[in-house]
Amino acid sequence: MAQIREYIPIVGQSVIEDLQLLADRLRGKIIQHINSTAVGGGVAEILNRMVPLLKELGVDTRWDLIKGGEQFFEVTKKFHNALHGRKESITQRDFDIFMDASSKNIEEVVITGDIVFVHDPQPIVLVKKKSDNKWIWRCHIDVSNPNQKVWNFLKEFIGKYDSVVFSAPSFSQPLPIRQFLISPSIDPLSDKNKDLPQETIDVVLRKYGISKDKPILTQISRFDRLKDPVGVIEAYQQVKRYIDCQLILAGGAAVDDPEGIEVLEEVKEKAKKDRDIHILLLSQNDIEINALQRASTIIIQKSLKEGFGLTVSEALWKAKPVVASNVGGIPLQIKHKYSGLLCHSIDGAAFAIKQLLNSPEYAKKLGENGREHIKNNFLLTRHLREYMLLFLSLYHQGDVVYL
Amino acid sequence: MAELREAKEPFRFHTRLHLTELTGFKAGTLEQLLFLIKKVPGSSIYHHTHRFLQQHQYLSPEPPNDFAYWVTEVMGEDELGEKLASIDTIQYHAIRNLRERIVFTIDDHLKKSSSAKLKFSRKDEEFCFMKSVSFIVPTAYIAVNLKQFAETLEKVTFDSIYFHIFESRLRLERSSNDFSNWIENSLGDKKLANDISRFDPYTQTLENLKKILIRIVKKRIEE
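Residue numbers (numbering that gives the first Met the number 0), protein chains in the order written: chain A, 0 to 402; chain B, 0 to 222.
Since the hints were derived computationally from the structure, they do not count as laboratory data.
Take these hints with a grain of salt, some might be off.
[Stated by the list, open to error] BS3-like mimics (lysine-lysine), calculated; alpha carbons at most 27 Å apart, straight line:
1. A:K76 with B:K210
2. A:K364 with B:K210
3. A:K272 with A:K211
4. A:K317 with A:K364
5. B:K82 with A:K336
6. B:K25 with A:K154
7. B:K210 with A:K374
8. A:K193 with A:K317
9. A:K154 with B:K7
10. B:K122 with A:K148
11. A:K86 with B:K82
12. A:K334 with B:K82
13. B:K122 with A:K336
14. A:K334 with B:K122
15. A:K374 with B:K154
16. A:K159 with B:K118
17. A:K77 with B:K122
18. B:K217 with A:K148
19. A:K76 with A:K148
20. B:K25 with A:K334
21. A:K317 with A:K239
22. B:K7 with A:K336
23. B:K217 with B:K7
24. A:K334 with B:K217
25. A:K336 with B:K118
26. B:K118 with A:K154
27. B:K217 with A:K86
[As the list claims (entries may be wrong)] Here are some, though not all, of the chain B residues that point toward chain A, as calculated from beta-carbon distances under 8 Å:
28. T14
29. T19
30. I86
31. F119
32. D123
33. I135
34. R170
[Said to hold, decoys possible] Over the 10 Å line for every Cβ pair with chain A, so calculated as not near, a few chain B residues:
35. H17
36. E20
37. G23
38. L35
39. D87
40. D106
Computed from a predicted model, the values in this text were never measured in an experiment.
No residue lacks a Cβ here, since even glycine has one placed at the ideal position from N, Cα and C.
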């Protein structure tokens, strides 16, 4: 695990000094993060990096998990899809299952934080335990067009928090509490993002039978319908008519995502006749994901909905040209034709991929611009700073705060 | 030699760190945009006219304010976008005056262009009003003469430069930027103070701005 001083060569000494200034002002406060999974998915990934660094800076930070059985996670997956605007049949029984598990968690989870930082809908009901401490709800989901039945159910709990955090401006909703915009981040020193020697990349390509002789298109994502892996195959097929290339669809599975296996089967079915399509189920193998991204000619992220799309940040950090949907937090990362290409459809994605494959210099420039943008705005150090400012904001009113 | 002159008061470098707060207000037409620009807090006008400076420290691919970008890219009103982008922010010493200028520019355009009122943005491309919450923190860096000042400029963050040049002048309504104020009042060097306050920082990236400041100060030391 990297230490805070190891970020100095990337972001500069003064940025780290600023973090220490803020951490000093949080002395004596206990920050307690609560979510539903320790591994898999963006939330766990960020907390795994962030919690040790906050501790190193001197901020007393803890991380607790709620529990939930198969039924609970099936319901929360339905909530997740419905909040993303997908059609889901939500019944009273679903709400009952959710509340039953939540009641058990209320009994079992011990609240120790002066600031309790709850991530996503799964633990949201814990706010019933709020006393004179501060509570933040961190929504990692694209709720720009949520299913109203689920949103109204959750809103009752959201209103009890002190502040809520969204990942993109369009997710903002009319709410009686303060709302902040904080984008997630990537860790440039993690196994998923650190520099790799070419031989490590070659070993991974050989392991999965991927050729270096033709362009590689890659989408790294959980096998989830909202990531549209089938749409990616269709876009690839359109490109393949004109340019011989390969497609990698690679991703892991999270404990709180029971739908993943079903989607994986649909993808395999769609791809079965084409030996240039590589479907890889990688469970938490960050070095391999890093290697696949670095080996790629173009990275695709053709999501139908996206909380933020950290895989886009990862790709841009590696200076890769990216073709991605104009949804969720992706337009914050990609300025169309400047740091990548945005699309709205399968046809649009295919056209953009062909453009980039045929114009490697243009593709290179987009990747370089993208890397600079990520360096300035989406690295873990910026995220640490904003979280500490968020904690401090709970104790200060007004738009100009002197610390 | 200018660098030997000791300041009456040392210059304490501060930094400004910010959080973005979402207001929940969204505009899908130019009339809604105009209505909300009149209504939102000053910190929202400040945010949308200054965000680009900190997001693009090294290069600036967008027009220098969010209103201009949205009007051009989403609403397709290039002429209005150009007028908004070219508002000379450095002329304004208070947010309320800047807001009045933006309101006048949009209002004037709507009066002259009847078709502009008929345009709607897509639902997912509405203009979302945000505001900046600034946290101002003193740093450990202090300068008591020009030489130290130039050396410290090399070390401080872009956030610190940003605070002393932009935020203190417009948001805190000080008469000039902090560097010019200190150089004139504490070091008594009116010429250098003027040299710094004369150029338009809004047309520079923060990286360039830092380089220019260091160059101007070093040149003065050598004179």
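Taking the hints in turn, this is what the structure says about them:
no.: 1; hint: A:K76 with B:K210; in the structure: violated, 51 Å
no.: 2; hint: A:K364 with B:K210; in the structure: holds, 25 Å
no.: 3; hint: A:K272 with A:K211; in the structure: holds, 21 Å
no.: 4; hint: A:K317 with A:K364; in the structure: holds, 13 Å
no.: 5; hint: B:K82 with A:K336; in the structure: holds, 23 Å
no.: 6; hint: B:K25 with A:K154; in the structure: holds, 20 Å
no.: 7; hint: B:K210 with A:K374; in the structure: holds, 20 Å
no.: 8; hint: A:K193 with A:K317; in the structure: holds, 9 Å
no.: 9; hint: A:K154 with B:K7; in the structure: violated, 56 Å
no.: 10; hint: B:K122 with A:K148; in the structure: holds, 20 Å
no.: 11; hint: A:K86 with B:K82; in the structure: violated, 43 Å
no.: 12; hint: A:K334 with B:K82; in the structure: holds, 22 Å
no.: 13; hint: B:K122 with A:K336; in the structure: holds, 22 Å
no.: 14; hint: A:K334 with B:K122; in the structure: holds, 19 Å
no.: 15; hint: A:K374 with B:K154; in the structure: holds, 19 Å
no.: 16; hint: A:K159 with B:K118; in the structure: violated, 39 Å
no.: 17; hint: A:K77 with B:K122; in the structure: holds, 24 Å
no.: 18; hint: B:K217 with A:K148; in the structure: violated, 64 Å
no.: 19; hint: A:K76 with A:K148; in the structure: holds, 15 Å
no.: 20; hint: B:K25 with A:K334; in the structure: holds, 21 Å
no.: 21; hint: A:K317 with A:K239; in the structure: holds, 25 Å
no.: 22; hint: B:K7 with A:K336; in the structure: violated, 52 Å
no.: 23; hint: B:K217 with B:K7; in the structure: holds, 20 Å
no.: 24; hint: A:K334 with B:K217; in the structure: violated, 37 Å
no.: 25; hint: A:K336 with B:K118; in the structure: holds, 24 Å
no.: 26; hint: B:K118 with A:K154; in the structure: violated, 33 Å
no.: 27; hint: B:K217 with A:K86; in the structure: violated, 64 Å
no.: 28; hint: T14; in the structure: holds, 6 Å
no.: 29; hint: T19; in the structure: holds, 4 Å
no.: 30; hint: I86; in the structure: violated, 22 Å
no.: 31; hint: F119; in the structure: violated, 16 Å
no.: 32; hint: D123; in the structure: holds, 6 Å
no.: 33; hint: I135; in the structure: holds, 5 Å
no.: 34; hint: R170; in the structure: holds, 7 Å
no.: 35; hint: H17; in the structure: violated, 7 Å
no.: 36; hint: E20; in the structure: violated, 6 Å
no.: 37; hint: G23; in the structure: violated, 5 Å
no.: 38; hint: L35; in the structure: holds, 13 Å
no.: 39; hint: D87; in the structure: holds, 24 Å
no.: 40; hint: D106; in the structure: holds, 25 Å
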